[in-house]
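With the hints as your guide, set chain B onto chain A.
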Amino acid sequence: MSVSRTLCALTVTAVTLAGIPLRAGADGVALEVVSVLATNSGSALDPRLRGQRPNLVGFPYSSYRLLRRQVRFVPWGRRARFNLPGPGELKVSPKNREGTGIALNLALRGQQRRRLVDTSLCLQDHRVLLVGGPRHLNGVLIIVVGAEAGGGP
Amino acid sequence: MSPGERVSGAMSMTCTEVEKLLEAFVDGELRGGAMRETARHLARCPSCETMAIRLERVQETVRQAVLGEVEEPDTVALWNLIAPRLAASSSAPPWRERFGGLRERLRFRGLPAPVWIGSAAAAIVAVLLWAGGGQPPGDRSQRFQLLARQARIDLLDASSNVRVWNQPDSGALVIWVDEQRPNVEPVAQ
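Chains A and B are the protein sequences, given in the same order. Under this note's numbering, residues 1 to 153 are what the first sequence spells out, in order. Under this note's numbering, residues 1001 to 1189 are what the second sequence spells out, in order.
Calculated from the structure, these hints are not laboratory results. Treat the hints with caution; some may be incorrect.
[Unchecked claim] Computed, partial: chain B to chain A, Cβ under 7 Å:
#: 1; residue: A1034
#: 2; residue: D1154
#: 3; residue: V1177
#: 4; residue: D1178
[Unchecked claim] No farther apart than 20 Å at their CA atoms in a straight line, the calculated lysine to aspartate or glutamate pairs in the DMTMM-like style are these:
#: 5; chain 1: A; residue 1: K91; chain 2: B; residue 2: E1179
#: 6; chain 1: A; residue 1: K95; chain 2: B; residue 2: D1154
#: 7; chain 1: A; residue 1: K91; chain 2: A; residue 2: D27
#: 8; chain 1: A; residue 1: K91; chain 2: B; residue 2: D1178
#: 9; chain 1: A; residue 1: K91; chain 2: A; residue 2: D125
#: 10; chain 1: A; residue 1: K91; chain 2: A; residue 2: D118
#: 11; chain 1: A; residue 1: K95; chain 2: B; residue 2: D1157
#: 12; chain 1: B; residue 1: K1020; chain 2: B; residue 2: E1049
#: 13; chain 1: B; residue 1: K1020; chain 2: B; residue 2: E1056
#: 14; chain 1: A; residue 1: K91; chain 2: B; residue 2: D1157
#: 15; chain 1: A; residue 1: K95; chain 2: A; residue 2: D125
#: 16; chain 1: A; residue 1: K91; chain 2: B; residue 2: E1019
#: 17; chain 1: A; residue 1: K95; chain 2: A; residue 2: D118
#: 18; chain 1: A; residue 1: K95; chain 2: A; residue 2: D27
[Claimed, not checked] Over the 10 Å line for every Cβ pair with chain A, so calculated as not near, a few chain B residues:
#: 19; residue: E1017
#: 20; residue: K1020
#: 21; residue: M1051
Don't be surprised by glycine CBs; every beta carbon is placed ideally from N, CA and C.
The following block holds chain A by itself, in its conformation from the complex:
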C-alpha cells in the first residue's frame, strides 16, 4: 500500500516538474517586428536602433530610421499580421519548437497584396531575421523579425 502511494506521489511530482519549464512558452511565441527605413539621405542611425547596429552595418545605406515597432504574442499554429509602413504586410505563423529554434512560416506582401516572399524557416530563439527590399518613401524598408519562446508544443 505504502509502495503504491509512494509511486503515485513520485509520478505526480515528476509530471508536475516536467510541466514547469514548458509553461513559460509552451503556449506561444512573442514576435517582434521592427520596420526600418534605410536611405542614403544624410547619415544617421536612429538611437532606438542602436541594438540593431551589427545587423544594419552591412547594408549599403547611410541612414536608418525606426518607423514602426510591433510586438505580438502569437499562440503556436496561429498567424499574426503585421501592417508595414506603406501598403505592405507581413504574416508570421510560429509552427513548433525545433531544438533551440522556432519553426516559422513567413509571408511578405507588397502593393495590392502582391506576393513577394513565402518562406518556411527555423529561427534560433532570441535571434533575428532581416527581410528587406520593399520600396518606401525615398528608401527601402528593412524589417527585423525577432522571436522569443521559452518552450514549445
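Chain B alone, transformed into the frame defined by chain A:
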C-alpha cells in the same frame, strides 16, 4: 478587466503591472522575460491591448508628421546633381572606340576569343545544371537548406528576385526582395 486582475495563467502579469511597463514596451525598451510577459498579457487582455494600440498610434502619427516635414524629396536639387553627370556622360567616346581593341585583348594562349568564351560558357551552364538537377521546370519554389548561425531556411517561394545572405557582423540571415522585377500576378487574399 479591472486593474490588478490577472489574466488566465498563474505566471501572467496584472493589468496594473502591465500599465507601468506599457510605455517602455511600445518604445521597444523592454527585453527578455518582461517583453514576452507583457506581449502575452496584451494578447489576452483587450483593455490593455487597446491602450497599447493607442500609444502606438500616437507614436506613429508623430513619427509620420516628422518624416513628412524632414524627408520631402527635393527634386530640383536632385536634378541639379544629375544634369552635369548626364552632360559628362554624353561626351564619352562611342562604344566602338571604347571596345574596339577588346577582340584582340581577349585572345588567350593562341585561341581566338569565341572559342574560349564558348568553353567557359559551357562550363558555367554545366555547373548550373548540376546544381539545379532534379528541379522540375516551372516550379518557382526553391527547396534548399541554408545553414546559418541564427536561422535555417527550409523553403523559399518568391515572385520577385530574391537574394539571401548572412550579415557579416551579426550573422543574421537576410532575405532581400527586389521589387523592381516582379514576374507573377497579385494573389487573391
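Against the structure, the hints:
1. Taken as an interface hint, A1034(B) does not check out: its beta carbon lies about 11 Å from the nearest beta carbon of chain A, beyond 7 Å.
2. A distance limit of 7 Å between C-beta atoms decides the matter here; for D1154(B) the minimum to chain A is near 5 Å, and the interface restraint holds.
3. Taken as an interface hint, V1177(B) checks out: its beta carbon lies about 4 Å from the nearest beta carbon of chain A, inside 7 Å.
4. Interface hint at D1178(B): satisfied, since its Cβ lies 6 Å from the closest Cβ of chain A, which is below the 7 Å cut-off.
5. Our distance criterion of 20 Å between C-alpha atoms is met by K91(A) and E1179(B), whose separation comes to about 18 Å.
6. For a cut-off of 20 Å, the pair hint linking K95(A) to D1154(B) stands: about 13 Å separates their Cα positions.
7. The straight-line distance between the Cα atoms of K91(A) and D27(A) is roughly 19 Å, inside the 20 Å bound, and the hint therefore holds.
8. Between the alpha carbons of K91(A) and D1178(B) the distance comes to roughly 19 Å, so the proposed pair stays at or under 20 Å and holds.
9. For the hint linking K91(A) to D125(A), the alpha-carbon distance of about 18 Å falls within 20 Å, and the restraint holds.
10. A C-alpha spacing of about 9 Å is found between K91(A) and D118(A), which places the hinted pair at or below 20 Å, so the restraint holds.
11. For a cut-off of 20 Å, the pair hint linking K95(A) to D1157(B) stands: about 18 Å separates their Cα positions.
12. A hinted pair counts as satisfied when its Cα atoms are at most 20 Å apart, and K1020(B) with E1049(B) qualifies at roughly 14 Å.
13. As the CA atoms of K1020(B) and E1056(B) are separated by approximately 15 Å, the hinted pair is consistent with the 20 Å bound.
14. For the hint linking K91(A) to D1157(B), the alpha-carbon distance of about 14 Å falls within 20 Å, and the restraint holds.
15. Restraint check for K95(A) and D125(A): the C-alpha separation of about 13 Å stays at or below 20 Å, so the hint holds.
16. Distance check on the hinted pair: K91(A) and E1019(B) sit about 27 Å apart at the alpha-carbon level, beyond 20 Å; violated.
17. Proximity of K95(A) to D118(A) is assessed by CA-CA distance (about 14 Å); at most 20 Å being required, the pair is judged to hold.
18. For the hint pairing K95(A) with D27(A), the CA-to-CA distance comes to about 11 Å; that is within 20 Å, so the pair holds.
19. The non-interface label for E1017(B) is consistent with chain A: the shortest C-beta to C-beta separation is roughly 15 Å, beyond 10 Å.
20. Annotated as non-interface, K1020(B) keeps its C-beta farther than 10 Å from every C-beta of chain A; the closest such distance is 16 Å.
21. The Cβ of M1051(B) lies farther than 10 Å from every Cβ of chain A, with a closest approach of about 14 Å, so its non-interface assignment holds.
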